[in-house]
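Student: As a plain string of letters, each chain reads:
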Amino acid sequence: MAWSRDDMARRAAQELKDGFYVNLGIGIPTLVANHIPEGVDVTLQSENGMLGMGPFPYPDEVDADLINAGKQTITELRRSSYFNSADSFAMIRGGHIDLSILGAMEVSENGDIANWMIPGKMVKGMGGAMDLVAGVKRCLVTMDHTNRAGASKFLKSCTLPLTGQNCIAMVITDLGVFEREPGRKFRVSELAPDVTLDEVKAKTEADLNWE
Amino acid sequence: MAWSRDDMARRAAQELKDGFYVNLGIGIPTLVANHIPEGVDVTLQSENGMLGMGPFPYPDEVDADLINAGKQTITELRRSSYFNSADSFAMIRGGHIDLSILGAMEVSENGDIANWMIPGKMVKGMGGAMDLVAGVKRCLVTMDHTNRAGASKFLKSCTLPLTGQNCIAMVITDLGVFEREPGRKFRVSELAPDVTLDEVKAKTEADLNWE
Amino acid sequence: MSNKVYKTAAAALEGLTFDGMSVMAGGFGLCGIPENLIAALRDSGAQNITAISNNAGVDGFGLGLLLETRQIKKMVSSYVGENKEFERQYLAGELDLEFNPQGTLAERIRAGGAGIPGFYTKTGVGTVIAEGKPTREFDGESYIMETGLTCDVALVKAWRGDTQGNLQFKKTARNFNPMMATAGKVTVVEVDELVEVGSFDPNYIHTPGIFVQRIVEAECEKRIEKITTRERA
Amino acid sequence: MSNKVYKTAAAALEGLTFDGMSVMAGGFGLCGIPENLIAALRDSGAQNITAISNNAGVDGFGLGLLLETRQIKKMVSSYVGENKEFERQYLAGELDLEFNPQGTLAERIRAGGAGIPGFYTKTGVGTVIAEGKPTREFDGESYIMETGLTCDVALVKAWRGDTQGNLQFKKTARNFNPMMATAGKVTVVEVDELVEVGSFDPNYIHTPGIFVQRIVEAECEKRIEKITTRERA
Chain A
0 MAWSRDDMAR RAAQELKDGF YVNLGIGIPT LVANHIPEGV DVTLQSENGM
50 LGMGPFPYPD EVDADLINAG KQTITELRRS SYFNSADSFA MIRGGHIDLS
100 ILGAMEVSEN GDIANWMIPG KMVKGMGGAM DLVAGVKRCL VTMDHTNRAG
150 ASKFLKSCTL PLTGQNCIAM VITDLGVFER EPGRKFRVSE LAPDVTLDEV
200 KAKTEADLNW E
Chain G
0 MAWSRDDMAR RAAQELKDGF YVNLGIGIPT LVANHIPEGV DVTLQSENGM
50 LGMGPFPYPD EVDADLINAG KQTITELRRS SYFNSADSFA MIRGGHIDLS
100 ILGAMEVSEN GDIANWMIPG KMVKGMGGAM DLVAGVKRCL VTMDHTNRAG
150 ASKFLKSCTL PLTGQNCIAM VITDLGVFER EPGRKFRVSE LAPDVTLDEV
200 KAKTEADLNW E
Chain Z
0 MSNKVYKTAA AALEGLTFDG MSVMAGGFGL CGIPENLIAA LRDSGAQNIT
50 AISNNAGVDG FGLGLLLETR QIKKMVSSYV GENKEFERQY LAGELDLEFN
100 PQGTLAERIR AGGAGIPGFY TKTGVGTVIA EGKPTREFDG ESYIMETGLT
150 CDVALVKAWR GDTQGNLQFK KTARNFNPMM ATAGKVTVVE VDELVEVGSF
200 DPNYIHTPGI FVQRIVEAEC EKRIEKITTR ERA
Chain E
0 MSNKVYKTAA AALEGLTFDG MSVMAGGFGL CGIPENLIAA LRDSGAQNIT
50 AISNNAGVDG FGLGLLLETR QIKKMVSSYV GENKEFERQY LAGELDLEFN
100 PQGTLAERIR AGGAGIPGFY TKTGVGTVIA EGKPTREFDG ESYIMETGLT
150 CDVALVKAWR GDTQGNLQFK KTARNFNPMM ATAGKVTVVE VDELVEVGSF
200 DPNYIHTPGI FVQRIVEAEC EKRIEKITTR ERA
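Chains as they are written, first to last, in numbering that gives the first Met the number 0: chain A, 0 to 210; chain G, 0 to 210; chain Z, 0 to 232; chain E, 0 to 232.
These are computed hints drawn from the structure, not numbers from a lab.
As a list, the in silico SDA-like pairs of lysine to any residue whose alpha-carbon atoms are at most 25 Å apart:
id, chain 1, residue 1, chain 2, residue 2
1, E, Lys221, G, Leu76
2, A, Lys136, Z, Gly139
3, G, Lys123, E, Thr227
4, Z, Lys225, A, Pro56
5, E, Lys6, E, Val196
So the derived list for chain G, only partly shown, Cβ under 10 Å to chain E, looks like this:
id, residue
6, Thr72
7, Glu75
8, Tyr81
9, Asn83
10, Lys123
11, Ala133
Note that the Cβ used here is the ideal one computed from N, Cα and C, for glycine as well.
Work out the full structure: start from the sequences and follow the hints.
Tutor: Now the structure itself:
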């Protein structure tokens, strides 16, 4: 049985280590915050200028001057700090964030990622995604293994315009977990329950290390 | 009668305009603060990270955490703000300071300045001087017209290692005031009392516009 | 004594606006945008504006106001997804658009204000963003050069400001505002609250007054794009 | 939960020091220097240190301590005039010295911490500082390229810090400390006062805890180089 979105988020949350500073993208990555393992203390960064992102506010706490990078209203914590966008991306570009968890439209076998643009469609912009994949120490993708048409999103090389090159260290899909060392091929490190290696092979265009 | 150090500072102070942000170097430039014309409100920057430098403290106010760029203890004003050294020099390099008044060992006829190093002597370093002459909107030098040996300090070209090129708009010496428009020669715009043009000519190596 | 304080947003922009001008506007989404100054810029009638702002507002609010009136010729932004009129004009070829990665945009603005005409970054290497840009290797890795950005007028939103132009920002409404304050030939600030000089602890001033030429107190609507809440247990 | 708090300066440096290491030390003159961490670095016995610091302390205080024991191989500074032992070692060729204009030094450190390997500046064009450095024209003006700086260990002095490493600096003791905090592979901070998380207003934190790996509360002498006062009228 393939993993649900929450299963994928739960699996991704296991990559969080105590003391980590983490940036979570929109979609499945946002759900990761609900699955942080007990005893693991992480600080969430929001690239619009905040460390120590708290949960959504109670209705009477909503503050227009306090939003996350997804433009949702949020709250602060005792540890929180605010800073400007240049300082925020200095933090990201400078390699101070331990882990970024992103969604993707495509990931290639050499760790490229495409998640910001579909040519011919209205282009909304890359926001902070290019900075995150270029700067964060370790970038992890959560995505469905195939698109709605059943085609693999884990490709030999990305067909869509890239967000970044050679920057994804781990991919978590509904079928399993795929990891790579720098300069090596991705290997299958975990399969979702009842998912077979053959099923993954059939649904993967990328050339993985299948050992 | 040639100008005294205080006369030179008083003359330099006439270059201050209401609302100016100003950086004053060590020596005669420091004295300028004592001669700010009435009705002219200026804010002094100290490149170690302060705007709105106040006077020396009373003995019981001395604070080791509050010094100027000359490492002297100072005080703050109601308008003061503190910032880090990168922000301080962003302010300087970015052209936000209206006027810098500096001392000099040599100035050349094309506006070069040398004021940080004498080869063969122990070199103490340029501190913030190179940033100031490169970044501040208008740089003005106060210096004696000749050195102790009677040789001109206003030269065809500097003999000492430069602090900056083509950056000095006005030179105030004990003999007078010398101004230039960008790309033009310095011209004599004022003489100290009883100082003759011939005396200035005799003591000046630089080729000035003597009209 | 020189005076930086203006009574209205319109007065604060007087004499500064012209056709073909470049403008920066602070804010992230609708958070921390100079609402009143943007409205005053619209009312000025200036045309063919190049607007540098992380986002393009929404229909009928923020920079959306200037899109409605077609006063914007070009946008430099990182994300513009929330605006149908923007989309229409862009797809019709009526509007020029330059995408910058958000961190690159923020740094370009800081660099412009800091007298740094160019810097190198890894962001965008191997993507369309790198096309046509000089590259250089450092320690065997490839970087692209980005340039500093300045503008004719920077429109900034702060929380509190004093009459000398010293500013404090509130929470995530800080975002692009402090850098933009440094990058305008003229910087105009609207504040929720104008206070007397000496009201701030000098240790905690986010933007020193040197960067601010004009300041106006103005009431903000502070529209929220996505109200997300939780229920009390 | 991970713990950043150490009991002594010596403990805070344990396992971080080694021969040939590069160190940044905050401070301007003797103002805002990490006195206790510098003393602990001396006591660690690490040799052949490259020290990046705006100044070199005075004889017997600040980095002067490490000069006395000849643990410093190279200094990167903007001004070193207050130190006779420094002068002696330098003139004897025992010490390497790289001068950077103060603003260039500050920006190089910020750039290093911000993932910017190089940037262009007007500062030093046409001077010895430009020798051997790449140049580039922007808008017809010549600029020189300077590189980002990082270090093995950054020694930082803050006023107050909380147990998560969030920092506030006091007055002009801020100087180089915040940038250095971003540029160390490991950043160690000494504070006058260690406080509980939540003691600071998040709007007014100068250095977010993400940049701080270790923090120690330690008493400072805070020596003053030049006491200048005025008389009461």
